[in-house]
Each structure stands twice: as C-alpha cells, then as structure tokens.
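> Chain by chain, the residues:
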Amino acid sequence: MTEVRLENVSVRFGESKATQITALENLDLVIPEQQFAVIVGPSGCGKSSCLDLVAGLNRATEGKTLFGDTLIEKPGPERGMVPQNYSLFPWLTVQKNVEFGLALNNTSKAEREERAANYVEAVGLTKFRDSYPSQLSGGMKQRVAIARALAVDPEVLLMDEPFGALDSQTRSVMQELLLKIWQKERKTVLFITHDIDEALFLGDVVYVMSARPGRIIDTIPVNIKRPRDYTVTTSAGFVKLKRRIMSSLHDEVDKALAIS
Amino acid sequence: MSTMSFLDRYLTPKLAIPRKTEFGAGILVSGTILACWAIATYTGFVTRDFLPAPSDVWNSFVEKVSNGSLQKHIGVSLTEIYLGFFLSSVIAIPIGIFMGGFKIVQAALEPVVNFMRYLPVTSLIPLLILWIGIGLEEKVAVIFLGTFFQQIVMVSDVARGVHADLFNVSYTLGATRGQIVSRVLVPATLSGVLDTLRVTMGWAWTFLVVAELVAASSGLGYMILQSMRGLDPAGIFVGIFVIGFLGLITDMAFKWIKRLVLPWEYVGK
Ligand SMILES: Nc1ncnc2c1ncn2[C@@H]1O[C@H](COP(=O)(O)OP(=O)(O)O)[C@@H](O)[C@H]1O
Ligand SMILES: [Mg+2]
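First to last, the protein sequences are chains A and B.
Position 202, counted from 1, in the first sequence is what my numbering calls 202; the numbers after and before it change by one each time, with no gaps.
Position 154, counted from 1, in the second sequence is what my numbering calls 1154; the numbers after and before it change by one each time, with no gaps.
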C-alpha cells in the first residue's frame, strides 16, 4: 500500500530562534491510497507547508515524511502538483504544456502527443490545444495545470488551493470536473482549501487544521455517496458536517487573528 | 464617430487612439522639424556654413555614395559593431543566465561585474589604443567592454525574475536540474534577453562612434571627424543621418526577430 504518511512533523522557518516561525508542529497524518483527502484550515496555518513536504519541495525540521516505505526527500513525478497560481509555461501551447512532463522522460513523440491529447480532451480544452496560456481564462489555465499533472500518471495528486483564484461559478464547475476525472483515475489526492463547502463536496475525508502552528484537530469522514453533484451541498448530512467544521474553525480563526 | 471631445479623446492617459492619428502625429512632428530646418537655411536665417540646407546634405550624400567612400565607412563600422556586439552577447548571455539562476555564480561574479560596469568604457580607450592599436581589434574591444558587463547584469536580472514556482512544478513533473536550466530557465528568459540585446545595441553604437572619433582610419565616426576638419558640416550631417538610419533598421530588426521567436507574446494582439 503506498500511503502518504507524516509522522510527528514540525516545520520551522528562519534560522535564528528569535525570529523563527513554526508553521507545523507535531503533525500526524496518514492518507491511504486512493483517498481523496482534503485539508481545510485558516489562511497562514501551514497548509501549503504541509503539501510542500509531501511534494518534496521543503523538508521537515523534525519528524518524517513517507510515501509508502520511502522517505520523501525531493520532488518526483510520482507526486504530481497543481499549484494555485497555475504556473503554466507561457512559451508553450496548451498541448505542449501537457506534454512537458512526458517530454522530460523521453516518452516517444507519438505516445506523448496521444496521452497529452487525451488529457486535454478530459479537461475539455481540445479546441484550445494550440492556444498559449496568455489566451486562456483562469479556469482554463487551471484545467491545463490539472491535465499537465495527470499526463505523467502520478500516484498522488497534490493540489494547493487550485480553485482559490476562480469566481464561484467557475469554481463549482471545476470541482465537478475534478471529481469526474478522479472517479476514472482513482488516484490518491491531497487537496488543500480554506473553503469548507469545497472540502466537503470533494473529500472522502476532511482534515481540519488548527491555526499556526498547524496540527490536525479534527478528522471528518464524509459519508456522502458518490457520484456527487452540486445538489448535495444543501443536503442535511452536508449541512451537519459543515456546522461541525465551522465550529472548530471558528475558534481557530479567532486564535489566528489574535496571533497576527 | 463618437461625441468625445478632443480633450477626452487624446488627453486621457493610455487611451487608445485611431491608427491613422497615430501615424499622422509622427509624420506631423518629423515634417515640422524638417520644414523648420529648410526655412531656416533657405531663407538665409542661418548661414549654410553653419547649418547646411537639406539639399546640401543630400548632395554630399550622393557624392559620398558615388565615389564609394560612404559604403566603405558603413562597412567598416558595421563590421566593428556586429563583431563586438556578437562576441559580447554570446558570452554575456549564458553568464548572465547562470548568475541569475545560481546564487553561487552571482556571489562569485557580482563584485567584478559591478566594478567593471561602473568604469566608463570611454576611459579605457587610451589604454586599449596603447595595447592593441587603432584598428578593428581596438573598436571591437571597446564595444565588447562597453556592452559585456551591462549585458551580464541585465540578463541576470531577467533570470532572477523567473518565478521559483515554475521550477518547483517542473521538479514535480520529473525534471532534472539540467532540464530545469535548459527547458525552463532558458526559455523563460528569452524575451528579457532580446530586450536586453535591443537596448545594449543602442549603447554599442555610441561606444563605436566615440572610439572612431578618438582614433581611427575609417568608419562613420572617422568620416564625421574628417568632415569637421574639412569644414564640411554637410558631411557631418550625412554621417549622423546614416548612423540614425542604421540604428533605426537594427531596432526594427530586433522587433521583427522578437515577433518571430516569441509568438506567444503577440497572440491575439
Ligand atoms: N519560506 C518561508 N519562509 C518563512 N516563513 C514562511 C515560509 N513559508 C511559509 N512561511 C510561514 O509559515 C506559515 C504557514 O504558511 P503556509 O504553509 O503558506 O500557510 P497556508 O498555506 O495555510 O496559508 C505562515 O505564517 C507563513 O508566513
Ligand atoms: Mg497556502
């Protein structure tokens, strides 16, 4: 079983003790294979730091980050990432952006083009395959970023508030699209958001994070059957879970504001 | 047409204006300058020994072309400038990219580069003449020294400006460090590098003319100096205009190259 496992990790930024910022403290988290895991928490609580640990983009000051049995020390194609700000390559067309990862490992041109074209189609951008990122809207850019990450067939997909910059209509369309793709691909997903509705709509399990220094303060299995569409967001079960998350987050936001 | 007043239409910052008006405004200003020049000289308001009339400059131009001297001087100057500029760019661009991309390269080179950057290259001309004479090599050296360190600094700024997120996402797609440099850092700097080349090319012209004015046996700067010695202001003007036009053509070439190699910056525009 290749699960993602954070064991008692702490992350501190800054060299001197006086100015040090503790982003995460003694955090434990296990994400089983194929789970759609969502971390929700107030802004600045250390969500990105947590995701970066799994991505291998930063190192824990204390504790261990594991993928299966191997220690995560650097980024790798088995852990794909969809950043909040899209980070597309402006000099490449949509199709070439999606091919980027495949071109790195010398996948043959024919296979590369076919795989990329499939994912471009899966995110509904076939008509825009020869467009450059500057010609796309925010939602379209984020779809390219998702297709680009999926094209290299990662085992885990890491998403850092990917829809945070989108307007709410576009965001709900993107959420449904993501679920549709995930239903087919069944990858482990670690999804980060500060939006409770988004967390509950998408997740198998929602992990609620405390204000800084971040820890997991609540683990909520979301027993809402799939496939889900937007109508579930008004169901009684959904609202009950939402109230539970809101009440624990409410205190945390209070704390966060008092800190800063 | 809309009912916008003249003030609203043309004196609102950044508001787009019709293309015809844009073109017309350029013609109007250049035309006015030309007309003032013609009136001042043909009416005798200023003597033509002081300021030659447009026709004097034209005649001098025709004469220099028909005896072949202008082509020779242009050839010499272009060879010097392109050689110096090419050598400088070919070395400065990779150094600049590595300096902007790698902190260690920056730390190692920054003191030297910044010291050299603030030395006015014109102050090195006497030394260069002593060392390598007044021929092609010296002009190339002046242009090289004048542009090289500026290019390094400007290119390294461009490379430093590439967002780390682009590297991070590439790592998660499986990129090695080498691939990060070749497939992310270099293409991401392309646009800024071309801008740097365009700006430094303008400076290179200045350095060239200064070097040719100080000591040379041919070239446009030399031609201008000879005209001065012969009390021939029309000849000086021919030199100035030719330099201006060559600069204009080079600038247009850069814009054209940019459109060609950076299609993504021009889509939908
Ligand atoms: N590279 C860094 N250097 C210093 N402090 C950082 C760095 N990255 C994050 N932090 C700090 O760590 C805390 C958690 O940040 P982050 O993980 O980005 O939170 P979130 O994603 O939940 O908003 C914040 O207070 C932030 O200022
Ligand atoms: Mg964040």
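For the record, the hints were derived by calculation from the structure and aren't laboratory data.
Just to be clear, a hint being listed does not mean it is correct.
What the hints assert, rightly or not - A partial selection of chain A residues facing chain B, derived with a Cβ cut-off under 8 Å:
#: 1; residue: Phe-13
#: 2; residue: Pro-75
#: 3; residue: Arg-79
#: 4; residue: Met-81
#: 5; residue: Asn-85
#: 6; residue: Leu-104
#: 7; residue: Ser-134
#: 8; residue: Gln-135
#: 9; residue: Gly-138
#: 10; residue: Gly-139
As the list claims (entries may be wrong) - Derived, one-sided and incomplete: chain B residues facing chain A with beta-carbon distance under 10 Å:
#: 11; residue: Ser-1170
#: 12; residue: Thr-1176
#: 13; residue: Ala-1188
Each residue gets a CB set at the ideal place from its N, CA and C atoms; glycine is no exception.
> Decide, hint by hint, whether the structure agrees.
Hints versus structure:
1. At its closest, the beta carbon of A/Phe-13 sits 15 Å from a beta carbon of chain B; the interface hint therefore is violated under the 8 Å criterion.
2. Given the 8 Å rule on beta carbons, the hint for A/Pro-75 holds: about 4 Å separates it from the nearest Cβ of chain B.
3. Interface hint at A/Arg-79: satisfied, since its Cβ lies 6 Å from the closest Cβ of chain B, which is below the 8 Å cut-off.
4. The closest approach between the C-beta of A/Met-81 and any C-beta of chain B is roughly 4 Å, which is under the 8 Å cut-off, so the hint is satisfied.
5. Taking 8 Å as the C-beta cut-off, the interface hint given for A/Asn-85 holds, the closest approach to chain B being about 6 Å.
6. For A/Leu-104, the interface hint holds, the least distance from its beta-carbon to any beta-carbon of chain B being 5 Å, beneath 8 Å.
7. With a cut of 8 Å, the hint placing A/Ser-134 at the interface with chain B holds, because the nearest CB-to-CB distance is about 6 Å.
8. Evaluation of the A/Gln-135 hint against chain B yields a held restraint, the C-beta minimum of about 6 Å falling below 8 Å.
9. For A/Gly-138, the suggested interface contact is broken, since its CB lies about 16 Å from the closest CB of chain B, more than 8 Å.
10. Hint status for A/Gly-139: violated, given a least beta-carbon distance of 18 Å to chain B, over 8 Å.
11. At about 8 Å, the closest approach between the beta carbon of B/Ser-1170 and any beta carbon in chain A falls short of 10 Å, and the interface hint on this residue holds.
12. At its closest, the beta carbon of B/Thr-1176 sits 8 Å from a beta carbon of chain A; the interface hint therefore holds under the 10 Å criterion.
13. With a least beta-carbon distance of about 7 Å to chain A, the hint placing B/Ala-1188 at the interface is held under the 10 Å criterion.
In this structure, the hints that do not hold are numbers 1, 9, 10, in rising order.
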